[in-house]
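Chemist: Residue numbers (numbering that gives the first Met the number 0): 0 to 610.
It cannot be assumed that every hint is accurate.
[To be verified] Calculated pairs, EDC-like style, for lysine to aspartate or glutamate (alpha carbon to alpha carbon, straight line, at most 16 Å):
hint : residue 1 : residue 2
1    : K327      : D296
2    : K164      : D117
3    : K95       : E46
4    : K486      : E512
5    : K527      : E583
6    : K134      : D106
7    : K486      : D505
8    : K178      : E138
9    : K134      : D117
10   : K486      : D450
11   : K527      : D493
12   : K95       : D71
13   : K83       : D106
14   : K593      : E522
15   : K295      : E332
16   : K142      : E161
Hints in this document: simulated from the structure, not taken from any laboratory.
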Amino acid sequence: MVDLTKLSKQQLAKQLQAMLNDLEHAKSEGEQQRILHDLRVHQIELEMQNRQLRETQQRLEISRDRYSDLYDFSPVGYVTLTNKGLIEQINLTGAKLLGKPREQVTDLPLSTFLPKADQRHFFNYLHQVFESDTKLATELRLKKDDNTFCQVYLESIAVRDEQGKANTCRCAIVDISEKKHAEELLCQAHDELEQRVEERTKELNQANKNLMAEIAAREQMAQALQASEARYRSVVDSQSELICRWRPDGTLTFVNAAYCRNFDKTREELVGHSFMPLIPEEDHAGIEAHFASMHKDNPVGTLEHRVIAPNGQIRWQRWTNHATFNEKGQIVEFQSVGNDVTERRQVEMEVKRYREHLEELVAQRTTELQASNKELEAFSYTIAHDLRSPLRSITSFSQILKAEAAQKLNDEELDSLNRVISSGKYMAQLIDDILRLARITRNEMRLENIDVSAMCQQVAARLNQSEPERSVTWKIAPGINVWGDHKAVAILLDNLLENAWKFTRDASNATIELGTSYDQGEETFFVKDNGVGFDMQYVNKLFHAFQRLHHPSQFEGTGIGLATVRHIVERHGGKVWVQAVEGEGATFYISLPKRAESRKNNSTAFHHSFQ
């Protein structure tokens with residue numbers, strides 16, 4: 000800025016020098032006095048001008064400071080660029096947009112703060128600015144040190160000298176990132192709104208079509224209703240069922256022709272009157288209680304009661320009643336459809352009398368069967384005892400004969416003698432198994448909680464001791480418990496484990512497992528082996544007495560064991576089934592009811608078994 004005080008002093012010195020020169024050349028004293036007077040006046044004027052200039056200088060300095068503050072703290076970034084794109088001047092706001100102090104960005108190219116994708120566009124824009132005399136604007140992205148970008152609006156104009164040459168341009172930079180973000184959100188909201196409007200328009204159009212279709216359908220329904228009403232009256236009157244409508248106080252509002260015929264009255268004699276006089280007084284209380292129990296959540300009810308026929312006889316009718324409610328949930332009308340069930344009631348009474356007589360017969364037959372079972376039980380034990388004695392004799396004498404005459408017998412005779420001894424032992428075992436099965440049927444069950452895992456450990460120890468030369472791997476899951484009869488479950492488990500022990504005899508790595516599984520949500524336990532198994536097409540024979548799937552020469556047994564297992568499970572009200580693969584083993588599954596169910600099922604199973 001020009002120093003006005005210094006300039007004023009320089010002008011004053013020139014004027015004084017000129018006046019002094021005029022004073023030297025003055026010829027008369029009067030002219031010298033005039034020049035001196037003018038010199039004093041001019042000096043006073045100059046001093047006044049100098050004072051004004053100093054005041055103006057002070058005001059200009061204050062204005063300059065204000066301008067500097069406005070320039071630096073403006074919300075708009077101001078930058079002066081050379082025609083090479085170098086930063087010549089920049090305010091604080093502009094430096095903040097670039098993310099660096101002002102002294103670090105001066106003389107740097109503005110393009111270094113732009114992403115490469117925007118640099119070509121910037122140079123083209125700068126060239127247009129220096130070629131034009133008007134303001135030009137564009138949008139750019141500024142790159143910051145943290146590799147983030149901000150969107151800016153750049154407005155520039157070239158500064159020309161007296162010769163019209165432009166060496167610099169002034170630029171205003173405004174951060175429009177938030178504006179751009181708002182515009183994007185606005186566009187997105189606009190698109191969403193348009194989509195919603197479009198969807199809503201489609202919905203309204205569809206709703207309009209549906210409404211028009213519903214109006215048309217209602218018109219058709221109204222026409223159909225009128226026709227239906229006529230058909231309804233015709234159909235109702237042609238029905239054999241008794242149909243009527245009546246108010247809660249019993250007053251009939253409609254009856255069909257069958258109702259009129261049944262009571263031998265006309266519609267005029269029935270409609271507008273109560274139906275209660277047509278019913279014996281003894282049934283009134285039950286009928287009133289039935290209709291009093293009907294409400295909005297229980298709008299339909301069925302009732303049988305007596306009526307008085309026109310000839311005075313008492314007949315039975317069965318009615319299905321449907322209540323109709325108003326907006327307050329109050330019953331406004333009943334519609335009832337009835338049939339004469341007198342013959343059915345007579346048949347039911349006959350059936351009841353027959354059932355009572357049948358129960359007497361069943362009780363009598365049960366007593367007879369109990370006596371017969373006791374006789375049969377005594378007979379079975381007698382037969383078993385009578386069979387045991389000669390059987391023991393046959394076996395014993397055969398063994399003595401073999402011991403004394405074995406050297407005298409040929410191979411065929413010795414084989415026949417061995418067959419007799421083997422058959423005797425088999426017969427004895429068969430008698431024991433049959434008696435054991437009969438004993439299970441006869442004994443009363445005492446239910447308790449049973450630790451099947453511990454029971455299995457005991458059986459496994461006994462089997463290992465019986466054949467110590469065998470190597471069998473036992474897998475016994477702990478904590479398996481069932482609710483049942485301890486003796487019966489022990490017999491069941493003995494049969495299953497002894498079978499598994501027997502049929503794994505030839506397995507190289509014999510394994511017997513006790514575990515649990517779930518079948519249709521019920522917990523079961525199973526006994527699994529990797530023995531000979533069997534073909535599942537013969538599974539239906541497996542749980543029946545004397546049915547065997549292997550020849551006695553291969554595996555000993557009587558065929559009673561699995562029948563005993565089935566009988567024990569059925570007495571408990573449970574289920575037993577098996578899965579097997581020939582040559583790979585078998586798995587027997589046992590499902591016994593829980594405590595509460597077992598008590599109920601046990602009584603039923605015992606009753607069926609006893610009979």
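Chemist: Next, verify each hint and record whether it holds.
Modeler: Structure-based check of all given hints:
1. K327 x D296: Between K327 and D296 the Cα gap is close to 13 Å, so the pair holds against 16 Å.
2. K164 x D117: violated, 27 Å
3. K95 x E46: violated, 48 Å
4. K486 x E512: Violated, because 22 Å separates the two Cα atoms, which is more than 16 Å.
5. K527 x E583: holds, 11 Å
6. K134 x D106: With a Cα-Cα distance of about 23 Å, the restraint between K134 and D106 is violated, given a limit of 16 Å.
7. K486 x D505: violated, 31 Å
8. K178 x E138: holds, 12 Å
9. K134 x D117: violated, 20 Å
10. K486 x D450: holds, 12 Å
11. K527 x D493: holds, 14 Å
12. K95 x D71: holds, 11 Å
13. K83 x D106: With a Cα-Cα distance of about 10 Å, the restraint between K83 and D106 holds, given a limit of 16 Å.
14. K593 x E522: holds, 10 Å
15. K295 x E332: Satisfied, since the Cα-Cα distance of roughly 12 Å is no more than 16 Å.
16. K142 x E161: With Cα atoms ~37 Å apart, K142 and E161 exceed 16 Å; violated.
Hint compliance for this structure: hints 2, 3, 4, 6, 7, 9, 16 are broken, all remaining hints hold.
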